[in-house]
Amino acid sequence: MTRFFCLNVPQVRVLLSFVLAIAFTLPTYAQEADVDKGKSLFNMNCAACHKLNKRAVGPALAGVSQKYEKEWLYSWIKNSMAMVKSGDPQAVAIYEEYNKSVMTAFPQLSNEDIDNILAYTDYTPPAPAVPAAVVTTAASGGDNTTSILLLGVLVLVLVILVVMLFLVTKTLRKIAIANGIEVEKTRPIRKPLWEVYINNSFLVFSTVIILLFSSAFFAYGYLMQVGIDQGYMPVQPIHYSHKIHSGDNEIECKYCHSSARVSKHSGIPSLNVCMNCHMNIAEYNGEEDLEKGYTKEFYTNEIKKLYKAVGWDEENQRYTGDTQPVKWVRIHNLPDFVYFNHAQHVDVAGIDCQKCHGPVEEMEIMYQHSPLTMGWCINCHRESNVDLENNEYYEKIHAELSKKYGVEKLTIAQMGGLECGKCHY
Amino acid sequence: MANQKNYWKSTAELDNNNAFVEDLKGREFVEKLPEDAFLGDDQVMNDSKTNRRDFLKYVGFSTAAASLAACEGPVHKSIPYVVQPEEIRPGISNFYATTIADGFDMASILVKTREGRPIKVENNTDAPASYRANARLQASILSLYDTFRLQGPAQSGSPVSWATLLGQSRQQLDNLQAEGAQVVLLTQSFASPSTQALIDRLTAKYDNIKHIAYDAVSSSHALDAFEKAYGQRALPTYDFSKAETIVSFDADLIGDWQGGGHAPGYVKTRVPVKKNGKAKMSTHFQFEANMTLSGATADKRVPMSAAQQKQVLAALYSELTNGQASGSGEQAIQDMAKVTAKYLRKAGKKAVVITGLPSVEAQRIALAINQKLGSVVIDTQHTTTIRQGSANQLTQLVDDLNSGAVQGIITAGVNPVYTLANGEQFAAGLNKAKFSLSFSMKNDETASKAQWVAATPHYLESWGDVEFKTNHFGLTQPTIRPLFDTKQFQDVLLTWLGKDTSYRDELRSYWEQNILNGKSWNKALHDGFYVGNSSSKQNQYRDAVADAVRSISAATQEGYTLNLYTKTGIGAGQQANNPWLHELPDPITRVTWDNYLTVSKSDADALGLWNETQSDGSLNGGLAKITVGSSSLTVPVLIQPGQAKGTVGLAFGYGKQSGVKSEMQIGANAYKLYNDFSSVQPVSIEAVDGTHEFACTQLQNTLMGREDIVKETTLEIFNTKDRNDYNAVPVVSKNHIETLVTSPEVDIWDQFDRSVGHHFNLSIDLNACTGCGACVVACHAENNVPVVGKREIRKSRDMHWLRIDRYYSSEDTFEGDKNTVNEISGLGESLTTFSSLEEPSANPQVTFQPIMCQHCNHAPCETVCPVAATSHGRQGQNHMAYNRCVGTRYCANNCPYKVRRFNWFLYNHNDEFDFHMNNDLGRMVLNPDVVVRSRGVMEKCSLCIQKTQKTILDAKLEGRDIADGEFQTACSSACATGAITFGDINDKTSRVAKSLESDRMYHLLESVGTKPNVQYQVKVRNTETS
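For the record, the sequence lines run as chains A and B.
The letter at position 391 of the first sequence is residue 391 when you use the numbering used here, and the numbering goes up by one with no holes.
The letter at position 640 of the second sequence is residue 640 when you use the numbering used here, and the numbering goes up by one with no holes.
None of these hints come from the bench; they were simulated from the model.
Don't take each hint at face value.
One-sided excerpt, in silico: chain A residues whose CB lies under 10 Å from chain B [claimed, not checked]:
hint: 1; residue: R190
hint: 2; residue: N391
hint: 3; residue: G421
hint: 4; residue: C423
Coverage of chain A stretches by chain B, computed from C-beta distances (three or more under 8 Å per stretch; other residues unrestricted) [stated by the list, open to error]:
hint: 5; region: 67-79
hint: 6; region: 109-121
hint: 7; region: 292-302
hint: 8; region: 331-341
None of these values were measured; they are calculated from a predicted model.
Virtual Cβ for every residue (Gly too), placed ideally from N, Cα, C.
Put together the whole structure using the sequences plus the hints.
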């Protein structure tokens, strides 16, 4: 790593100075152009189809201002199709090269905006602080080892202390005997404790009873958890991180699990839903967790798995048609004899997904948060009130039932939510 | 004293000197045990490296491994779409409107699909009620997942590619055209305008191809008669909702007569609704030989042979034209004609005479009478072509094939080797042909003999159209991608015509040019049904029937006649491999899985034929050998009350051997006796030794005057008397005061408060129920009810959640039975009278009664369940938690209605039940919203709680109230006649809330005090005729 850094730094410096030189020699836009503004404009308007260093739907834009005249770029960005139609050779060439896909016109962008964008596309960021990362890794790795080491040392010291104490007493006793001092027996000789215990039948009896009950309790506890897969965290064919999608990027659960709104199944999103975003996000640029091996390369590689499954040819930005459906491992398995409907809970009742599925936005690997037992369902049905606001269906029933029970808010149980046939048919 | 008695096994033992006996005494086994083979010789044992300890290690290891593996829960894979189709959402059903016309049945339907697979047939309520699905069409969804379907095209039994088949068949057609050799295209009656256009184009291109339409069960006589009378070879259509008097001669208008679909209109005139205190009903006379559904519903049913019916028909015609019945007929026949004529005259335009007799003359006379009456029930301008087959053309074809006049034969949708009486001759002719090609879904009798077999898709995988009747069109659209490598007949025709368009495009352009008249194709496809506006035909009556009257009035009968008919379940036999249809009990005989000869009691006694009820409640029957011309069959005998004397009945569609699972290769093939396409044949019968075991779900017993189950009255009483006279609520004595059983005072249970939320009720109108069985099959499909097979049904282990009980009367009427019972005095008389009451009369009255779980508010089953697996819901449904049930069967024991069904076996994934639940293809029909029950649990009707819950959820999601009619069960939505209605009685505007207040409403066995949530409506008969 260090070697890489040593080799690289001069290059970067050269590059930087080169860029700066260009920037200063081209004062027309470099002076007032704002890279930050340009970045936000780029992300807002261009990023859907363009990347800086890689061909996407449209061409890579790094250094685009060197390729084309600035005036040409202005009019191209503002209305590309007009240029194509007018027969501008450069425009037609691009149009042909990119399969006649039409670039959105941006008449709302001023020349200044475009300057900003171009400044951003020409801007090369300073070299990333790779060594820093390496250092932190080393330190954090060391931390872990040190704590184990420290603990080990502590334990060792304690053991030595115990041994020393024992030795000291022994030596003292020897000295005492050698000096002829009578070491007093502190206690009179009594029956050993176990004999007392054995002879007391009441004690034996109650111990047996206690043992029996406690073992029955534990056996029951053990048997009751058979088939309950709380915490089930299988390895999935693609390492999909809910933490990144739902946590870091705050994507709404129902964007991908859209069926949850209308259907009994929440639905695993089909791969075309992934491609809505991943058509443009081909690599991971977020935080890493090197300790667990979740590096950028690791995540980027997982995105490649998606491309393979959906048959996306990254080079040519098109679908090959060669698909391999992903065989996800199902985590939440209700038995066949239970009917559960997501729409009822998510849409009608308006319950947060997290209520049953836990802090999904923090889960790097998805797992089953709740026990999904009948007792768990029933408890919630007993405790939760039915959200009846603005639902005409409930109006009459609610009015009548609340009169009957004399309460303001009704629980699901009072609405009949504990009846067997509501879930078992 | 010691017992000196000797026991011996053979006389040899008595001989003390027998050395052989002594030798045997010393041995435990007579033969030497084959321990050498078991243990091998010592050498092998010593050489073996496996010693006892190793063996124990292996056993221990494998046991441990097995138990470890068992600890691990199964891993479920979940595979989403790569690109999810927009219209598919997992867990949500999509409905597609489509049309089925398989050459025998037709209907406009909605197909319910889940995750892309069709799972249920529903009625398309936007189409007229006459195009509702019957039991066979309800079951047709299962035929899609038939493992015996052809999976691809074949040549002489070995698979080929479509390219080969298309290329070579076209080549051969070209060659035959060059040779000038004739080719016949033998198809089902398509009634499809676009297909007919394609066939016309084909016959125009190949002038040597001749198209012949063929119906397995022919309406040839009716077609010929209509052609003679009106100049068009088609069938008239009927609207029985306009009828006041219906006179039917052997026409099963509720069953399959002329394509079926007449019941909904008919029933409209059969339900008495009081207007100004008086209800009206139509009067229905039925003259018939076999007991049919129509006969069961008729007000006056006269069992008589076809010859007698012809005489009555001729006399009726004379009576109506001359004012007096002429002819040489008996007095009884003249009298019948007179009575009938009186009613026909009374109804005037609203009268109709129909006939299903296989006689052109009889059909012509019926048309003539309708013409004379000016009947508005028959519509001769809007005709239908769903039956086109001509008897003569077929007879000619078989001859031509054998003589070599026809060199090539193409069949589509028909199986003539099986369905022709001279099928063997047809097969011989088929073998002689230079070119033979069969379009078929199955490797059936014809396909297996043809050189080429073109595998066709199921109708749920096909495009198509149907003209139900003039201006009434239906579109067929695929609801699933073809499961197998199949091609539609029409697509192949297009290839032969040298077109590379698909049939779908062709269909669309045909519709846009000829039918739609500028209307939207997408809308027509979405609706599945389209009413055109082309001017109807102007058919003019131009027949003179004097000769016909003469010829049929002279009809006579010698010996016995055989009346061939189609059964509710199997029909013409297209779906002979469909277990739902075999398991569906015949509405009249209640026999499943069988074809049998129906014989009247007196004829059976005369011929020495017998039926015997076994001690376990099963039915055995004797065998009869029946001979028609040169063919004879040996068939089991079922004694049928109401069968006309001198006649016997036998059903089509059975005895199929090819392309049918062995369990369903049952019964005799009645087509072999279908000479000249006449359903009436002279027959000789003789009793044969042997016993046949029936699987009968209800024996031929009567109600014996018990009124608590079926309540019946006449229109006269209904109109004039008080409710208490015909529908009294039972009373019990409490503190010597007679109190109604419905009163809370006599109830040992506390009432639940059911006034809040929904309270579901099912109402069954005994007047509207025709016994057609569509609900039973719909229930099968909706609720994953398993098929158990003949052996189990014989043990009374049928799993139907919904059954249609059929009751006969012992006297001529149920009223008569009741009177007999009331007049009994003394124990001795009661014993003899009751045993005589068990026997149904020669012409009994029949009542159908659908029975499912009654969802009692005070349910006897709930109180006896030791594990509370069955409990009551606030919405009125009696819930059954299968996973809680431990199978004590106390509930079934305590149920007064006997509606609970016990899973004696695991019916899915079990090859002992080789029907549809033991293979992946067949299981595709299962409804994912209903659990598949396992062995050892009780199950029963849930009032389709999955459907009511879905309706409630939809309303919640949309934040709205629920309208009447939204709540449906599988049976109520399948019922074409409206006999079963379902809804919420807390919605006071709903139909069930109103029917609860009806004078005709009663509950089954009200005296038991179960307070059911299923209501029945008293059956009212219009018996003033007699």
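Status of each hint after checking the structure:
no., hint, verdict
1, R190, "violated (49 Å)"
2, N391, "holds (5 Å)"
3, G421, "holds (3 Å)"
4, C423, "holds (9 Å)"
5, 67-79, "violated (count 0)"
6, 109-121, "violated (count 0)"
7, 292-302, "violated (count 0)"
8, 331-341, "holds (count 6)"
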